[in-house]
Amino acid sequence: MTEQKERELYFWMVLVREFEARVAALDKQGKLAGGVYSGRGQEAATVGVCHALRPDDWVFPLHRDMGAYLVKGADPNRLMAQIFGRRDGFSKGKDSYLHGGDLAHGIFGATSMLAATLPVAAGMAYKFRMKNEDRLAVAFFGEGASSRGDAHEAMNFAGVHKLPVIFVCENNFYAYSTPNELQFAVENVADRAAGYGFKGEVASGNDLHTVMNVMQKATDRARRGEGPTFIELKTYRYHGHSEHDRAAYRTEEELVTWESRDPIELWEHYMDKRKYDLPAIQAETLARARKVVEDAVAFAEASPEPTGPEAMDDLYATPVGEGR
Amino acid sequence: MPMVTYLQAINQAMQEEMARDENVMLMGEDVGAMGGAFKVSEGLIERFGKLRIVDTPISESLIIGAGVGLAVLGMRPILEMQFIDFIACGFDQIVNQAATLRYRHGGQASCPIVIRGPGGAGVHGGLYHSQNPESWFFSVPGLKLVAPATAYDAKGLMKSAIRDDDPVLYFEHKFLYRRIKEEIPDEEFLVPIGKAALRSEGTDVTVITYGATVHSAVGAARDLAGEISVEVVDLRTLLPLDWGMIRASVRKTGKALIVHEARLTGGIGAEIAARIAEELFEDLDGPVMRLGSRDTHNAFAAPMEAFILPDKLKITEAIRKLARY
Ligand SMILES: Cc1ncc(C[n+]2csc(CCOP(=O)(O)OP(=O)(O)O)c2C)c(N)n1
Chain R
3 MTEQKERELY
13 FWMVLVREFE
23 ARVAALDKQG
33 KLAGGVYSGR
43 GQEAATVGVC
53 HALRPDDWVF
63 PLHRDMGAYL
73 VKGADPNRLM
83 AQIFGRRDGF
93 SKGKDSYLHG
103 GDLAHGIFGA
113 TSMLAATLPV
123 AAGMAYKFRM
133 KNEDRLAVAF
143 FGEGASSRGD
153 AHEAMNFAGV
163 HKLPVIFVCE
173 NNFYAYSTPN
183 ELQFAVENVA
193 DRAAGYGFKG
203 EVASGNDLHT
213 VMNVMQKATD
223 RARRGEGPTF
233 IELKTYRYHG
243 HSEHDRAAYR
253 TEEELVTWES
263 RDPIELWEHY
273 MDKRKYDLPA
283 IQAETLARAR
293 KVVEDAVAFA
303 EASPEPTGPE
313 AMDDLYATPV
323 GEGR
Chain G
2 MPMVTYLQAI
12 NQAMQEEMAR
22 DENVMLMGED
32 VGAMGGAFKV
42 SEGLIERFGK
52 LRIVDTPISE
62 SLIIGAGVGL
72 AVLGMRPILE
82 MQFIDFIACG
92 FDQIVNQAAT
102 LRYRHGGQAS
112 CPIVIRGPGG
122 AGVHGGLYHS
132 QNPESWFFSV
142 PGLKLVAPAT
152 AYDAKGLMKS
162 AIRDDDPVLY
172 FEHKFLYRRI
182 KEEIPDEEFL
192 VPIGKAALRS
202 EGTDVTVITY
212 GATVHSAVGA
222 ARDLAGEISV
232 EVVDLRTLLP
242 LDWGMIRASV
252 RKTGKALIVH
262 EARLTGGIGA
272 EIAARIAEEL
282 FEDLDGPVMR
292 LGSRDTHNAF
302 AAPMEAFILP
312 DKLKITEAIR
322 KLARY
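Residue numbers (this note's numbering), protein chains in the order written: chain R, 3 to 326; chain G, 2 to 326.
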């Protein structure tokens, strides 16, 4: 990798962290009405996966995947307006957080129903296959979401048709308060891939190099027509499930253990070893990221609130009947 | 009498029934050590243990389907949907599995399950944390649907639901969880399924409602006191409806307004309105009117949410309009 590319990857991780930190702070100040789910600690996963994609590939982020939005090209201003529930958000205020995708950048908005995006990703991949398009669909989900039937149905179909889809499970060890031992009985969630007839990869989600390596293998496989990959990335969320959750179900020791394998610090360590001018890079990157975030907040705050009657818009291609 | 919130009332009912009957249990996501996302099941795992208070994987279809299996063998599982919106992920197990169980076995089997969870809007929950899915289930025979508005009913209906031999969908309103606080008796009581309650007596207009809008309707009735005499019927049970109380009230006032937070089109109000029109036509002095959420999704932004939902002012307006006939 060139230094330039390594610095760019660093910027993305820092941007995701700064963006989410600001969102969490806004939530604390009572400026956001909806739920806020921080992916702090998981930045290498979304950045490493999405950086491997092309503009015409699709991603399916879930609630903790702000990074996927940013790296895949969502305008940070509109993303912040989305979180504020303003008219310039992707859903024009109809929902908040990551429920309004940015289709122009290949980002699909999820419902709250966990894993419900996976069959949709399989459907898109089927179309790529059918029309000989060299494109991929990448669906993110948590290890908790992997317990839903939709995940099984999507993977089974994807295996049958050898679809160009990559299933990325961010295993952060807790689904809200539920630990892995109450969620599944296999050692790795990706062990299930064998049951669907495709390859499973288990890797560290905190080490950006590792994420990029498994992603490279998976995209090569998919683009060669060799079918799906199930990637499981072991990682950890530092915050509670949502900003309201004090996460009493885990120990301080566990949290600190993971904080000491922080994805951004690991990357800094690497750049330092490469003898780059780390302090200068850090200062410049942080300033650049903060500027993006500040601009986004200013944009979102200036974006108008939707009016009441706009709740009736966007139900149909052509408005039907007399809405009541 | 102790002051109890709507939320505590549900918790008490579950605890009392679990203490009374060792076959009562609870299954759901994060219901154990965490006590549920809203703390409705706080303290249960400590008291009843993790065999009876089951933290499940994120698998709504499994929660309900496994509940049916347990119930056929005489257990009485309470099945929590972390938000009632997620009931959609267990739809088949409810409408095809649980609802037809007794019927397809020619009466051999019972299905004493309770499916419960927080529903309702007004807290900026957006599209998937605000829904009122009761209408999806209203046309499914074999199910019972209840929707308490008070702490007393929350407790009494939960106890009845647990003891009922058929599947009961118990719709909690999250807006009421901590906002409703009232004195309820120390001694045991039940609220029967299938019985409505009068929340305010009047002679000019009947408002038929349930859930959170009971409180808005009572507020409207109070505001209109001296101008229009409003009777408020709190249905409490949606399936089966307490047709007797509806009929008696509409006969008395000659005017009926049905209000619910669920969407207007295809809502429970449509069925009630049709039946009033068919059976009480001679008693009516005005059109049967309805007020529900607008026919759209539960939008997030505050102005849109306010536009969509019925509230005290909209109810007051509707009562005035009806009273003018
Ligand atoms: C079908 C469904 N059931 C329950 C929920 C409530 N819920 C939201 S996030 C969550 C935990 C998710 O855990 P996981 O999939 O591991 O992702 P993580 O939050 O750890 O990133 C739960 C139970 C939901 N959104 N959808």
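Hints are not guaranteed to be accurate.
Using 27 Å as the maximum straight-line C-alpha spacing, the simulated DSS-like pairs for lysine-lysine come out as follows [what the hints assert, rightly or not]:
id: 1; chain 1: R; residue 1: 33; chain 2: G; residue 2: 196
id: 2; chain 1: R; residue 1: 164; chain 2: R; residue 2: 7
id: 3; chain 1: G; residue 1: 40; chain 2: R; residue 2: 30
id: 4; chain 1: G; residue 1: 182; chain 2: G; residue 2: 196
id: 5; chain 1: R; residue 1: 293; chain 2: R; residue 2: 7
id: 6; chain 1: G; residue 1: 196; chain 2: G; residue 2: 313
If you anchor each label on the Cβ, the simulated ranges turn out as follows [unchecked claim]:
id: 7; chain 1: R; residue 1: 317; chain 2: G; residue 2: 307; range: 13 to 23 Å
id: 8; chain 1: G; residue 1: 307; chain 2: R; residue 2: 155; range: 35 to 45 Å
id: 9; chain 1: G; residue 1: 252; chain 2: R; residue 2: 249; range: 54 to 64 Å
id: 10; chain 1: G; residue 1: 196; chain 2: R; residue 2: 297; range: 54 to 64 Å
id: 11; chain 1: R; residue 1: 271; chain 2: G; residue 2: 3; range: 51 to 61 Å
id: 12; chain 1: R; residue 1: 316; chain 2: G; residue 2: 321; range: 30 to 40 Å
id: 13; chain 1: G; residue 1: 20; chain 2: R; residue 2: 32; range: 52 to 62 Å
id: 14; chain 1: R; residue 1: 155; chain 2: G; residue 2: 284; range: 21 to 31 Å
id: 15; chain 1: G; residue 1: 321; chain 2: R; residue 2: 317; range: 23 to 33 Å
id: 16; chain 1: G; residue 1: 43; chain 2: R; residue 2: 276; range: 49 to 59 Å
Because the hints were derived from the structure by calculation, they are not lab data. A quick note: this is a predicted structure, and the numbers were derived from the prediction, not measured. In this text, a Cβ means the ideal position worked out from N, Cα and C, and glycines have one as well.
Each hint tested on the structure:
Restraint check: the Cα-Cα separation between residue 33 of chain R and residue 196 of chain G comes to about 43 Å, which exceeds 27 Å; the hinted pair is violated. A distance of roughly 32 Å separates the Cα atoms of residue 164 of chain R and residue 7 of chain R; the hinted pair therefore is violated under the 27 Å criterion. Between the alpha carbons of residue 40 of chain G and residue 30 of chain R the distance comes to roughly 21 Å, so the proposed pair stays at or under 27 Å and holds. Pair hint residue 182 of chain G plus residue 196 of chain G holds up; C-alpha atoms about 22 Å apart against a cutoff of 27 Å.
Pair hint residue 293 of chain R plus residue 7 of chain R holds up; C-alpha atoms about 20 Å apart against a cutoff of 27 Å. Using a Cα cut-off of 27 Å, the hinted pair residue 196 of chain G and residue 313 of chain G holds, with the two alpha carbons roughly 25 Å apart. The hinted window of 13 to 23 Å between residue 317 of chain R and residue 307 of chain G holds, with their beta carbons roughly 18 Å apart. At about 38 Å, the CB distance of residue 307 of chain G to residue 155 of chain R agrees with the hint of 35 to 45 Å.
For the hinted restraint 54 to 64 Å between residue 252 of chain G and residue 249 of chain R, the CB-CB distance of approximately 57 Å keeps it satisfied. Take residue 196 of chain G and residue 297 of chain R: their Cβ atoms lie about 59 Å apart, and the range 54 to 64 Å holds. The given range of 51 to 61 Å is respected by residue 271 of chain R and residue 3 of chain G, whose C-beta atoms sit roughly 58 Å from each other. In this structure the supplied range 30 to 40 Å holds for residue 316 of chain R paired with residue 321 of chain G, their Cβ-Cβ distance being about 33 Å.
Between residue 20 of chain G and residue 32 of chain R the CB atoms are about 40 Å apart, so this pair departs from the stated range of 52 to 62 Å. Roughly 53 Å separates the CB atoms of residue 155 of chain R and residue 284 of chain G, a value that falls outside the hinted 21 to 31 Å. For residue 321 of chain G and residue 317 of chain R, the Cβ-Cβ distance of about 30 Å falls inside the hinted range of 23 to 33 Å, so the restraint holds. For the pair residue 43 of chain G and residue 276 of chain R, the supplied restraint of 49 to 59 Å holds, since their beta-carbon distance comes to about 52 Å.
In terms of the numbered hints stated before, the structure departs from hints 1, 2, 13 and 14, listed from lowest to highest.
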